[in-house]
Every structure is written in C-alpha cells, then in structure tokens.
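Student: Sequence:
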Amino acid sequence: MFIVTLLTTPTERTLDAALVDSLRNAWGGGDAIWLAIDEAAEFAIPMMPDNRWDVWADLQNACVDLIIQPAENRRKKMLLADMDSTMIRQECIDELAAEAGVGAHVADITARAMNGELDFEEALIERVGLLKDLDAAIIEKVVDERITHMPGGYELVSTMKANGAYTALVSGGFTAFTARVAAGLGFDENRANTLLIADGKLTGDVVRPILGKQAKVDALHDITARLNITPADVLAVGDGANDLGMLTLAGTGAALHAKPTVQEQCDVRINHGDLTALLFLQGYGRDAFVT
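Residues 1 to 291 (our numbering) make up the sequence shown, in order.
You may find that some hints are simply not true.
[Stated by the list, open to error] Cross-link-like lysine to any residue pairs, in silico, SDA-like; alpha carbons within 25 Å at most: (1) K213 with R191; (2) K141 with R75; (3) K77 with S158; (4) K259 with K141; (5) K141 with T194; (6) K213 with G200; (7) K213 with D199; (8) K161 with V102; (9) K132 with A198; (10) K161 with L249; (11) K141 with V102; (12) K77 with V290; (13) K201 with V102; (14) K161 with K259; (15) K77 with G251; (16) K259 with K132; (17) K213 with E121.
Hints were generated in silico from the structure; no laboratory data involved.
Could you build the full structure based on these sequences and the hints that come with them?
Tutor: Okay, structure coming up:
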C-alpha cells in the first residue's frame, strides 16, 4: 500500500478538490483525507503508478507537489535537517562574505558547491580563506540581522518532538550559527564546522576534520545507533549536493526547494510547500501541528 500526498503553497492554498478526486479515481485510490483544507490532501493506492513522474511534472506546472511513499513507517522517529537554505533562508557563509566585501565571489562558489560542481571541502576552505581578518563580532551581527528561519520550521521541529521524535541539525556551515538556530527552533542537538578565531578576528580557517557530506551520513548512523532506531526511522531534509548522502540513506529523504541535481536523485521533492510539508508527508493534519 502506498500513500499519495498532494500539497501546495501554504500562502496560496489553491489545491483543487476536483484535481485530488480526478487523480484518486485514475489511480484507484481510497477516500481522500484533507490534512489542511485547500492546501494538503492524501489518499491510499494499492501500487506505485507507472506514470508517477509524468503526473508529477504536470502538477509542478500547477504549483502542486506530489509525493508517493509506502504507507508503512512513514511517521518518523527522528528528524535530521540541513541548516542553510533549509531551516533558514540564507547561506551563512554568503552573509559573512557580504560583510567582508567578497559577497558575490563567495556566493558563486557556494552555488556551484551546492549543485555538486565543486568538491565541498575544497570549496569551504576557499570561501573561509576569503573571510580572513574579518572581525569575529560580525558573526553575532549577521545572526541577529541577516538570518531568518524558513517558514514552517518551528512547527516541524515542535510537532515531531511532541510526538516523541528526536531532532538534530547537521550543517556544513558553522557552529556559531547552528547553536543559535537550533536553540531558536528547539532542536535536540546540532553539529557543524567551527570557525577559528585569533585576537578577535577570523583566521581564514576552520577546525579539522571538516564536516561535509560524509559527516551528515556519520551523524545519521551515530544518532540512530544511540537512539536504538534504524535509518528507516529517519526523515532527512536538505537542498544541496552535500546532503545527498543522508537523503538517500534515510527512510524519507526530502529535497526541499533543492538544486536540480539533488532533486533528480530524490523521490521526495518539495518545491511549493514549506517545511510543514514534511508533517503532511507523515500524515499530520494542520490541526495537529504544534505552533
């Protein structure tokens, strides 16, 4: 048995009941359950449809996300989340670079690295090197003035925790940011790289080893072993190439507003919903969200 979830942009709420019923009838689905009126609905189907991705492409043009997943074990016991452009709207290193006067150059490297065009660790070392001698006090300024949470993040973390899940923020960014973001959203733990500071200024380097793609996979293994659960019990979410390891290993790996090369390798793609889409995927209705 599989569950089909249809959802759209929360601010628009334009999911058409006729569209839901049409697709349900075409695929021999059960009764539609509305998780949020005009925003998200689901129904069960007996088998995976052959035209899944053709329908997905058509619905993208209508600003509707389509996700099909096994009905079994879809409500997860752990959330493993990327931070930059996932739990927050920004890329932290780009915001620091803007303060250092090298914003455009660093942003270009970041975009290429997140799309898998550059080695993540080498790209990180190069970008951090461009921040050398930046006043360390700028970090707090950037966190306070430039960093904003992605819509739905608080509801996602709070609702999963209220239902017994463990939540971890794992980033290729920096602990100076993950600590604040994790505390603000209620994550149980956070992991990231540590910027080196000397005499009140950034040295242009980070503590080794660098946390990249493999570190996120290692975090998944470490935390699930500690909790005595399996990767199948994990919902992972990210947007960049360095997230692919954890996304493909987790029971549900969600590409959220992700780079095209990342979407191509993920079955769960959220392009129109916000982070609350990850609650709809688990069968939570909006009335069950912790806000």
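Student: So, for every hint listed, does it hold in this structure?
Tutor: Here is what the structure says about each hint:
no. : hint           : in the structure
1   : K213 with R191 : holds, 13 Å
2   : K141 with R75  : violated, 38 Å
3   : K77 with S158  : holds, 13 Å
4   : K259 with K141 : violated, 28 Å
5   : K141 with T194 : holds, 17 Å
6   : K213 with G200 : violated, 30 Å
7   : K213 with D199 : violated, 31 Å
8   : K161 with V102 : violated, 39 Å
9   : K132 with A198 : holds, 10 Å
10  : K161 with L249 : holds, 21 Å
11  : K141 with V102 : holds, 17 Å
12  : K77 with V290  : holds, 16 Å
13  : K201 with V102 : holds, 16 Å
14  : K161 with K259 : violated, 28 Å
15  : K77 with G251  : holds, 10 Å
16  : K259 with K132 : violated, 29 Å
17  : K213 with E121 : holds, 9 Å
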